[in-house]
Amino acid sequence: MKHRIYTIIAALFVLAASANAQQEDSWEKWGPTRGLKSDGFIVRAGYVIGGTTPLPLPAEIRKINSFSPRGGISLGFDGYTMFSKRWGVSLGAHLFWEGFHTSADVKNYYVWLEQEGEITKGYFTGTNVTNTDLLGLTIPILATFRMSPRWNVSFGPYMSFYFMHTFDGEVYDNNEGIGYIRQDTPTGSKVLISKENAMSYPEDFADHMVPVSLGLELGFDWKAMRHLNVFGKLDWGLTNIWESNFEAISFKMYPIYGTIGVAYRY
Amino acid sequence: MNKTSLAVLAAVPFLLSSCIQDEQENTECDIEAVSLHLDNPNTFFVKEADTLLVAGNDRASSDLAFLIKSFAKIQSVPTTLSITAGATAYIESDGGVFVPFVNGTSVDFSDEQVHRFRIVSEDKAWSRIYNLSVKHRPEGEGYLSSDFENYYLDASGKYYVWDAPSIFIDETGKSTWKNGNPGFKISKSSALPMDYPSTPVAGGGPDGSACVKLETCDTGPFGKMANMRLASGSMFNGFFDVGNAIKDPLGATQFGSPFTFKPLLMRIWLRYEPGSVYQDRSGSPIEGIVDEPDVYVVLYRNEDASGNKVQPDGNDMLTNPHIVGKGRLPHHFDANGGDMLSGNPIHGITSEWQEFSIPVEYTTEPDPDILEKEGYSIIISIASSWQGGYFKGAIGSKLYIDNLQIFCEEKED
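Line by line, the protein sequences are chains E and W.
Once you know that position 88 of the first sequence is 87 in numbering that gives the first Met the number 0, the rest is easy, because the numbers rise by one and skip nothing.
Once you know that position 297 of the second sequence is 296 in numbering that gives the first Met the number 0, the rest is easy, because the numbers rise by one and skip nothing.
For the record, the hints were derived by calculation from the structure and aren't laboratory data.
Note that the coordinates shown come from a computational prediction; the quantities given were computed from them, not determined experimentally.
Heads up, the beta-carbon is just placed ideally off N, CA and C, and yes, glycines get one too.
Watch out, some of these pointers could steer you wrong.
Computed list of chain E residues with no C-beta within reach of chain W, every gap over 12 Å [said to hold, decoys possible]:
1. 38
2. 57
3. 86
4. 165
5. 180
Away from chain E, derived, C-beta distances all over 12 Å, residues of chain W [to be verified]:
6. 39
7. 87
8. 205
9. 282
10. 283
11. 307
12. 355
Covered stretches of chain W (chain E as the covering partner; in silico rule of three or more C-beta atoms under 8 Å from a C-beta of chain E) [said to hold, decoys possible]:
13. 25-34
14. 218-229
Go ahead and model the full structure; you've got the sequences and the hints to work with.
Structure follows, in structure tokens:
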């Protein structure tokens with residue numbers, strides 16, 4: 000997985016460099032609206048797509064049947080200051096509503112559920128459906144580099160605060176009609192589960208999500224018009240979304256969301 | 000905006016899904032079915048299909064027994080196991096060592112000897128030991144009784160099990176009463192043996208010996224998740240397919256054992272205390288309805304016209320067209336003969352012990368020749384909530400039972 004993100008970063012640099020070569024544009028024309036070394040701010044509106052996922056995907060996940068984003072709105076602004084022709088920093092506040100629905104086929108997926116003192120645990124094989132929504136505010140602190148008059152890239156840490164998060168889902172049989180849990184161990188009682196009698200995730204699952212997450216953001220801005228940017232960014236979560244003592248999900252999960260949108264530069 | 004950079008962003012979810020790892024080796028190690036290869040299966044089995052023993056979904060049970068005619072003598076038989084993909088089978092040799100078992104090898108099943116098989120999973124991390132034998136089906140008797148004095152904890156130590164009349168032998172080679180306790184264990188792992196729906200009461204019987212308490216119990220948070228909020232206490236003969244208890248709860252309760260006599264009358268001691276609030280499947284209380292217990296005995300033809308096995312389950316144990324005779328506690332019924340809930344039950348059971356007689360009424364006279372060939376099966380079924388199969392009833396309804404007897408028609412010599 001890691002080499003893929005390097006590929007994306009490299010691709011962005013290549014794009015920017017080639018754009019640079021083709022541009023006849025002046026640094027002054029596309030610079031901050033008041034001089035080359037100056038402050039400003041940008042208002043952004045974007046579409047968010049991505050997921051919250053274990054990394055790497057555990058071997059228990061055999062197939063992703065479907066994936067569809069939910070929500071997908073990001074609104075915010077960044078204040079920036081350019082120290083020089085090429086270098087600057089920015090600080091932002093981005094409200095977001097992001098989420099997804101996914102259906103995956105799993106094999107021997109360890110489940111550990113506690114409800115009001117009752118525990119059910121074992122190994123599930125079948126289809127696992129998950130829905131999640133995250134509503135919150137991201138504060139990125141980024142270094143900005145002007146690669147060319149019209150291209151900026153920025154990179155740095157961010158912190159997300161969640162106002163609300165939901166996480167629900169259910170398990171049932173897959174398209175081949177296979178759906179069961181082996182209680183406690185792979186040699187335990189085999190309890191069949193079908194779509195008609197699907198087992199839902201407990202309602203309090205989302206209560207075990209942490210309220211804050213940390214990660215790295217990589218973004219680019221392309222100055223389409225004097226005040227209008229087209230931008231893209233990738234927020235790569237580095238902290239587990241679950242409380243460390245939460246045992247119902249046996250692996251760590253990270254939010255990884257990309258945004259594309261337009262921005263107005265003041 | 001460059002097309003390529005858009006594509007890079009849009010690719011993120013696909014990058015994730017392309018990271019599927021190699022499939023891990025199987026961890027399961029079950030015997031799924033066993034078959035005996037006999038030249039003349041009808042010498043041993045009432046039905047030829049019984050040479051195939053399908054292990055139920057309750058893979059927790061490690062005892063498997065073929066049931067042959069009471070007088071048949073079996074020797075070495077080529078045997079085939081069907082096991083989890085990738086797993087390996089071993090058989091215990093005379094020296095107590097497990098050696099690889101090759102399908103089709105003859106196994107000596109004479110004198111009901113038990114053979115131990117060890118199945119090792121593909122990943123070699125898990126294994127199970129099975130006990131396989133061929134047992135004789137006990138000869139039927141024209142009188143059945145159960146005083147529920149012989150009870151003990153099951154292999155997991157979680158709930159009680161009662162010995163049943165020997166003709167109720169099942170494919171684990173044991174004769175025990177069946178009930179919903181194994182299903183309750185799935186939903187309420189914290190329950191102690193005396194918290195289960197079917198429990199013994201030492202000294203609680205009308206004669207001062209042990210009796211059984213069947214109580215409709217709350218199945219807790221996991222029962223609620225599966226929309227199965229209560230479990231009726233129960234006692235029946237047949238097979239409880241615990242693996243299907245969530246997927247198909249009515250189908251999981253499979254009623255009846257082959258019986259060679261014509262039952263005429265059931266006698267049983269009963270006392271009953273209905274729970275205070277009757278609730279529907281969604282857990283909502285229903286005003287004006289009083290919970291009722293159920294007790295019935297049924298005789299049915301266990302094969303259809305094409306020779307297929309007939310086994311009524313929770314959907315049709317009282318309505319299956321192969322039923323020839325039936326005796327049941329009095330209830331109110333609607334115009335179509337369906338169960339009708341009411342506020343004034345007429346079963347007559349009170350909180351004091353009384354002995355009840357329930358005669359079996361026949362719509363079709365059983366054929367004596369077919370009876371002799373185990374072509375009919377008997378159901379005895381008792382529950383603390385008569386609609387418990389549909390997860391409706393009153394939590395806390397208690398039916399106490401003791402000294403069950405079935406009287407049958409005498410056979411002419």
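Now for the hints, and whether the structure bears them out:
No beta-carbon of chain W comes within 12 Å of the beta-carbon of residue 38 (chain E); the shortest separation is about 26 Å. Listed as a non-interface residue, residue 57 (chain E) fails to keep its Cβ farther than 12 Å from every Cβ of chain W; the least gap is roughly 7 Å. The non-interface label for residue 86 (chain E) is consistent with chain W: the shortest C-beta to C-beta separation is roughly 22 Å, beyond 12 Å. The Cβ of residue 165 (chain E) lies farther than 12 Å from every Cβ of chain W, with a closest approach of about 17 Å, so its non-interface assignment holds.
Separation of residue 180 (chain E) from chain W is inadequate, the least Cβ-Cβ distance of about 9 Å not exceeding the 12 Å criterion. For residue 39 (chain W), the condition that its CB be more than 12 Å from all CB atoms of chain E holds, with the nearest at approximately 35 Å. With a least beta-carbon separation of about 15 Å from chain E, residue 87 (chain W) lies farther than 12 Å from that chain, consistent with its non-interface assignment. With a least CB separation of 36 Å from chain E, residue 205 (chain W) remains clear of the 12 Å interface cut-off, as annotated.
Chain E leaves residue 282 (chain W) outside its interface by the beta-carbon criterion, the shortest separation being 15 Å against a cut-off of 12 Å. No beta-carbon of chain E is positioned within 12 Å of the beta-carbon of residue 283 (chain W); the least distance is around 19 Å. At roughly 22 Å, the least C-beta separation between residue 307 (chain W) and chain E is larger than 12 Å, which holds for a residue marked as non-interface. Every beta carbon of chain E lies more than 12 Å from that of residue 355 (chain W), the smallest distance being close to 36 Å; the non-interface claim holds.
Coverage of the region 25-34 of chain W by chain E holds in this model, with 4 residues showing a Cβ closer than 8 Å to a Cβ of that chain against a need of three. Using a Cβ-Cβ cut-off of 8 Å, 6 residues of the region 218-229 of chain W lie near chain E, which meets the minimum of three, so the contact claim holds.
In summary, the numbered hints that this structure violates are 2 and 5.
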